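Visitor: Protein sequences appear in the order of chains A and B.
Numbered according to the working numbering, the first sequence spans residues 43 to 159.
Numbered according to the working numbering, the second sequence spans residues 2 to 115.
Please keep in mind that the hints were generated in silico from the structure rather than gathered at the bench.
You may find that some hints are simply not true.
Unchecked claim - Below are the DSS-like pairs computed for lysine-lysine, each with C-alpha atoms no more than 27 Å apart in a straight line: (1) B:K8 x A:K45; (2) A:K58 x A:K80; (3) A:K80 x A:K45; (4) A:K151 x A:K58; (5) B:K66 x A:K151; (6) A:K45 x A:K151; (7) B:K8 x A:K80; (8) A:K112 x B:K8.
Here the structure is a predicted model, which is why all the values come from computation and not from measurement.
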Amino acid sequence: AQKVTQAQTEISVVEKEDVTLDCVYETRDTTYYLFWYKQPPSGELVFLIRRNSFDEQNEISGRYSWNFQKSTSSFNFTITASQVVDSAVYFCALSQYSGGGADGLTFGKGTHLIIQP
Amino acid sequence: SAVISQKPSRDICQRGTSLTIQCQVDSQVTMMFWYRQQPGQSLTLIATANQGSEATYESGFVIDKFPISRPNLTFSTLTVSNMSPEDSSIYLCSAGQGRNYGYTFGSGTRLTVV
């Protein structure tokens with residue numbers, strides 16, 4: 043069985059601070075996908091990134107960056123110079139890739155990020 | 002990436018009744034998924050719906066309670082049957098395949114059972 047752990051239930055920082063959201067996953071498969079989603083108070087799920095298990099390159103997109111380390115089964119997300127609009131619940135998720143295609147996602151419990159002005 | 006239209010966006014239903022949620026995708030996709038998000042909780046996969054085969058349900062979810070249809074490659078429905086207040090949740094669908102996999106979710110259906 044696969045599992046995603048987001049140990050940080052809630053994080054509160056002051057605007058312009060950097061913040062890292064942790065994600066640790068468990069899977070027995072060698073082929074899998076990792077995701078991050080943002081869920082603002084309005085409720086929709088906003089896709090942020092997808093990474094497959096064979097691509098360990100870190101990625102940067104504007105103020106967002108992701109650190110994928112297979113050795114520690116972690117896929118952490120950092121927001122640099124945080125802004126109030128970053129306030130949301132962030133979910134890390136994992137999907138296996140079986141012979142018939144990708145499976146549904148297993149989500150972590152989410153981290154509620156609060157950016158104070 | 003695919004765009005998904007989900008409806009209704011919200012509903013308030015009486016216990017014992019059923020509600021059917023629809024998801025329409027703007028492109029053909031092999032796989033569609035249905036999730037439940039209980040209040041203040043994470044998302045849980047209910048079932049996978051592939052066109053041309055019966056839906057595959059996750060542990061804790063059964064077809065009699067959550068029947069799913071997948072009549073073609075762009076459309077799926079989830080019915081929440083014989084509802085109780087414990088079914089009050091947000092229900093979301095997702096679709097995609099290949100390079101588009103995992104990108105898109107519907108906007109969700111916020112269900113309240115009274």
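Visitor: Would you check the hint for K45 (chain A) and K151 (chain A), treating anything up to 27 Å between C-alpha atoms as holding?
Guide: holds, 10 Å
Visitor: Holds or violated: are the alpha carbons of K112 (chain A) and K8 (chain B) at most 27 Å from each other?
Guide: Not satisfied, since the Cα-Cα distance of roughly 39 Å exceeds 27 Å.
Visitor: Mind checking the alpha carbons of K151 (chain A) and K58 (chain A) for me, to see if they're no more than 27 Å apart?
Guide: Holds: K151 (chain A) and K58 (chain A) sit about 25 Å apart, inside 27 Å.
Visitor: Given the hinted pair K58 (chain A) and K80 (chain A), is their alpha-carbon gap at most 27 Å?
Guide: Holds, because 19 Å separates the two Cα atoms, which is no more than 27 Å.
Visitor: Hint check: K8 (chain B) vs K80 (chain A), CA-CA at most 27 Å. Holds or violated?
Guide: Within the cut-off at roughly 21 Å; holds.
Visitor: For a C-alpha distance cap of 27 Å, please report whether K66 (chain B) and K151 (chain A) respect it.
Guide: Given pair K66 (chain B), K151 (chain A) holds - Cα atoms ~25 Å apart, limit 27 Å.
Visitor: Has the given pair, K80 (chain A) with K45 (chain A), been kept, meaning a C-alpha gap of at most 27 Å?
Guide: This hinted pair holds, its Cα atoms lying about 19 Å apart.
Visitor: Given the hinted pair K8 (chain B) and K45 (chain A), is their Cα-Cα distance within 27 Å?
Guide: Violated - the C-alpha atoms of K45 (chain A) and K8 (chain B) are around 30 Å apart, more than 27 Å.
In this structure, the hints that do not hold are numbers 1 and 8, in rising order.
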